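Student: Sequence:
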Amino acid sequence: MARRKIIPYNPKLKELARQLRNSSTKAEIILWQKLKSKQLYGYDFHRQKPIDNYILDFFCHELMLGIEVDGYSHQLVEVFKKDKVKESVMLKLGISLLRFSDEQVLKDMDNVLRAIEDYIHNHEKTHP
Numbered sequence: 001m002a003r004r005k006i007i008p009y010n011p012k013l014k015e016l017a018r019q020l021r022n023s024s025t026k027a028e029i030i031l032w033q034k035l036k037s038k039q040l041y042g043y044d045f046h047r048q049k050p051i052d053n054y055i056l057d058f059f060c061h062e063l064m065l066g067i068e069v070d071g072y073s074h075q076l077v078e079v080f081k082k083d084k085v086k087e088s089v090m091l092k093l094g095i096s097l098l099r100f101s102d103e104q105v106l107k108d109m110d111n112v113l114r115a116i117e118d119y120i121h122n123h124e125k126t127h128p
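For what it's worth, the UniProt record's numbering labels the leading residue of the sequence shown as 1, then goes sequentially.
Errors might be hidden in some of the hints.
Claimed, not checked - Simulated pairs of lysine-lysine, DSSO-like, Cα-Cα distance not exceeding 27 angstroms:
#	residue 1	residue 2
1	Lys-125	Lys-14
2	Lys-107	Lys-14
3	Lys-5	Lys-92
As the list claims (entries may be wrong) - Each pair of labels, with its calculated beta carbon distance range:
#	residue 1	residue 2	range
4	Glu-78	Thr-126	31 to 39 angstroms
5	Lys-84	Tyr-119	16 to 24 angstroms
6	Ala-115	Gly-71	15 to 23 angstroms
7	Gly-71	Arg-3	35 to 43 angstroms
8	Arg-3	Glu-78	37 to 45 angstroms
9	Pro-128	Leu-16	33 to 41 angstroms
10	Lys-36	Thr-126	37 to 45 angstroms
11	Leu-98	Asn-10	20 to 28 angstroms
12	Lys-84	Ala-115	29 to 37 angstroms
13	Asn-111	Lys-38	20 to 28 angstroms
14	Arg-114	Gln-19	15 to 23 angstroms
15	Pro-128	Asn-22	37 to 45 angstroms
These are calculated hints, taken from the structure and not from any lab test.
The model shown is predicted, which means the values in this text are computed figures rather than measured ones.
C-beta atoms are modelled at their ideal positions from N, C-alpha and C, and glycine is treated no differently.
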């Protein structure tokens, strides 16, 4: 049996993650309705998951997949730069990231889910 990789996190972020779960955006709530309770091919996703010194909107440990839903502020240069650093840290930890805009989730959920499903299928092919 393969052992789960231990992923570091900053315990100081636990309370902030709880607050973020309680104040989710509309897009996050809608996507969560599709991911929760192992609805997507039986994979267990978590919301607002602290990892290292960051919080991922959604995370599946089995897939080593993080999903980010970006609002308007992520278009700002300063936030965009922080997102790139966060992505780099996640990649170093072996975590792949999928990013979607609020608008994509709200207006094109079929393609958002298709992209996540494609990731899952590719992951299953390469990690039997």
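Student: Next step is simple, just say for each hint if it's right about the structure.
Tutor: Status of the hints after comparison with the structure:
no.	hint	in the structure
1	Lys-125 <-> Lys-14	violated, 34 angstroms
2	Lys-107 <-> Lys-14	violated, 31 angstroms
3	Lys-5 <-> Lys-92	holds, 13 angstroms
4	Glu-78 <-> Thr-126: 31 to 39 angstroms	holds, 35 angstroms
5	Lys-84 <-> Tyr-119: 16 to 24 angstroms	holds, 20 angstroms
6	Ala-115 <-> Gly-71: 15 to 23 angstroms	holds, 18 angstroms
7	Gly-71 <-> Arg-3: 35 to 43 angstroms	holds, 36 angstroms
8	Arg-3 <-> Glu-78: 37 to 45 angstroms	holds, 39 angstroms
9	Pro-128 <-> Leu-16: 33 to 41 angstroms	holds, 37 angstroms
10	Lys-36 <-> Thr-126: 37 to 45 angstroms	violated, 26 angstroms
11	Leu-98 <-> Asn-10: 20 to 28 angstroms	holds, 23 angstroms
12	Lys-84 <-> Ala-115: 29 to 37 angstroms	violated, 20 angstroms
13	Asn-111 <-> Lys-38: 20 to 28 angstroms	holds, 22 angstroms
14	Arg-114 <-> Gln-19: 15 to 23 angstroms	violated, 31 angstroms
15	Pro-128 <-> Asn-22: 37 to 45 angstroms	holds, 38 angstroms
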